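For the protein sequence lines, the chains are A and B, in the order given.
With my numbering, the residue at position 17 of the first sequence is 17, and numbering never jumps.
With my numbering, the residue at position 189 of the second sequence is 189, and numbering never jumps.
Just so you know, not all the hints are guaranteed correct.
Below are the DSSO-like pairs computed for lysine-lysine, each with C-alpha atoms no more than 27 angstroms apart in a straight line [to be verified]:
no.	chain 1	residue 1	chain 2	residue 2
1	B	LYS111	A	LYS107
2	B	LYS92	A	LYS112
3	A	LYS94	B	LYS23
4	B	LYS23	A	LYS100
5	B	LYS11	B	LYS23
6	B	LYS146	B	LYS111
7	A	LYS100	A	LYS71
8	B	LYS146	A	LYS107
9	A	LYS71	B	LYS23
10	B	LYS146	A	LYS71
11	B	LYS111	B	LYS92
12	A	LYS94	B	LYS11
13	B	LYS111	A	LYS94
14	A	LYS100	A	LYS112
15	A	LYS68	B	LYS92
16	B	LYS23	B	LYS111
17	A	LYS112	B	LYS11
18	A	LYS68	B	LYS146
19	A	LYS94	A	LYS71
Covered, in the sense of this in silico footprint (three residues per stretch, anywhere, with C-beta under 8 angstroms from a C-beta of chain A), are these stretches of chain B [claimed, not checked]:
no.	stretch
20	13-23
21	30-44
22	70-83
23	156-168
Quick caveat, the hints were computed from the structure, so don't treat them as lab data.
All of these numbers come straight from a predicted model, not from anything done at the bench.
C-beta: ideal position from N, C-alpha, C; glycine also.
Given next are the chains, with one letter for each unit.
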Amino acid sequence: MRRVESMFVVIVGCGRSGAYIANRMSREGHHLVVIDSSSDAFENLSPVYSGFRIEGDATEMAVLSQAKMDKADLVVATTADDNVNLMVAQIANKILGVPKVVARVFKPEREKIYQTLGIDTLCPTTLFGDLVGDLYLEPASTAPAGGDEDKS
Amino acid sequence: MNRIILVGGGKLVYFLSRQFIAKGISVTIISDNREDSRYLARQLQATVVFGDGSDPQILEETEATLSDAVLAVTPRDQDNLVICQIAALQFKVPRVLALVNDPDNEEIFRKLGVTAFSTTNIIASLIEQKTGFDEIVGLLPMGGGKVTVAEVTLSDKSVVCGRALREISMPDNSLVAFILRNGTPLVPRGSTIILAGDRILLVALPENYGAVLRTFTGDE
């Protein structure tokens, strides 16, 4: 009577986003490991979270091995540091062969080059910005881009 | 080489820059420490940019596309990786080199397409060469570090001397590939008697290399 195949997910960075994803996936019955360099961050996890916690620096291979990242179905790299996320995502995908990997990258300019390398990235800056634009702003003009048309 | 970009700060970048400048190379430094960039700008005949070297806009400002090399020597391995990848892929800098602090990252970066060097490894190997076993002449990792090849000269204290190769219990996946005896190379068979003064070429996996070495250099 299994409804959904449960996945093994490793989440790197247990800030607000990392903990939110961990709590949600844990509730949905997936197996989780959360890595953070500070044990204080684990206080963001809810009491229903039933996965593992590893305190350590995710740029050290030893820490990723401890988390059994090579067995993961999904790795989410969501520390506060773009470059840590990009490095962890590449190690997970290119070296450990994790099939699904996503890195959070705050700086949009930095994101581009990694798409050409086949690394999935999500940029909260552009996601939020585009959403605000789509929800609250009317297009200023139907004229093609090339300068701000004076609306008045 | 005409133009080089150094990303990092402190004494390392200061002295590296001095060397490059002395050779007539034009140096641009990117430092993310305001005090440090002020100091470097005062002390050196170099262009100093205060900012994050892993930010493509900063690399753009330093005219990275016109540079011959980018050297990323910040104390953070992840920054050095991203700096080198953006420099190589986005700005087509022909030579990029990253410093790694965690020696494990040397191989990881190589697999991700970035040449890296580890000061930890360099210093450790310098010290080993000075103080290590006198018997071990060369130690060579092959096949991307999956196989270790070492040349060992046997002293008369070694327990294996006087015994046939087949009587010596060696760990799995290890092999005596060659023996050099009085300057003559010979391919050993099981019946070959090992003698003091033999130089033997050992092939082993990195994980059993230590055990193989003890088998041949141990004195009990």
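Hints versus structure:
1. LYS111/B x LYS107/A: Holds. LYS111/B to LYS107/A sits at ~25 angstroms (cutoff 27 angstroms).
2. LYS92/B x LYS112/A: holds, 15 angstroms
3. LYS94/A x LYS23/B: violated, 39 angstroms
4. LYS23/B x LYS100/A: violated, 47 angstroms
5. LYS11/B x LYS23/B: holds, 19 angstroms
6. LYS146/B x LYS111/B: Given that 27 angstroms is the threshold and the Cα spacing comes to 14 angstroms, the pair holds.
7. LYS100/A x LYS71/A: holds, 11 angstroms
8. LYS146/B x LYS107/A: violated, 38 angstroms
9. LYS71/A x LYS23/B: violated, 50 angstroms
10. LYS146/B x LYS71/A: holds, 22 angstroms
11. LYS111/B x LYS92/B: holds, 19 angstroms
12. LYS94/A x LYS11/B: Violated. LYS94/A to LYS11/B sits at ~34 angstroms, over the 27 angstroms cutoff.
13. LYS111/B x LYS94/A: Between LYS111/B and LYS94/A the Cα gap is close to 8 angstroms, so the pair holds against 27 angstroms.
14. LYS100/A x LYS112/A: Measuring from Cα to Cα gives roughly 18 angstroms; hence the hint holds.
15. LYS68/A x LYS92/B: violated, 35 angstroms
16. LYS23/B x LYS111/B: Status violated; Cα separation ~32 angstroms.
17. LYS112/A x LYS11/B: Status violated; Cα separation ~33 angstroms.
18. LYS68/A x LYS146/B: Between LYS68/A and LYS146/B the Cα gap is close to 21 angstroms, so the pair holds against 27 angstroms.
19. LYS94/A x LYS71/A: holds, 14 angstroms
20. 13-23: This one is violated; 0 residues, fewer than the three required, reach chain A with a Cβ under 8 angstroms.
21. 30-44: Check failed, 0 qualifying residues.
22. 70-83: Holds, because 6 residues of the stretch 70-83 of chain B bring their Cβ atoms closer than 8 angstroms to Cβ atoms of chain A.
23. 156-168: violated (count 0)
Hint violations for this structure: numbers 3, 4, 8, 9, 12, 15, 16, 17, 20, 21, 23, all remaining hints satisfied.
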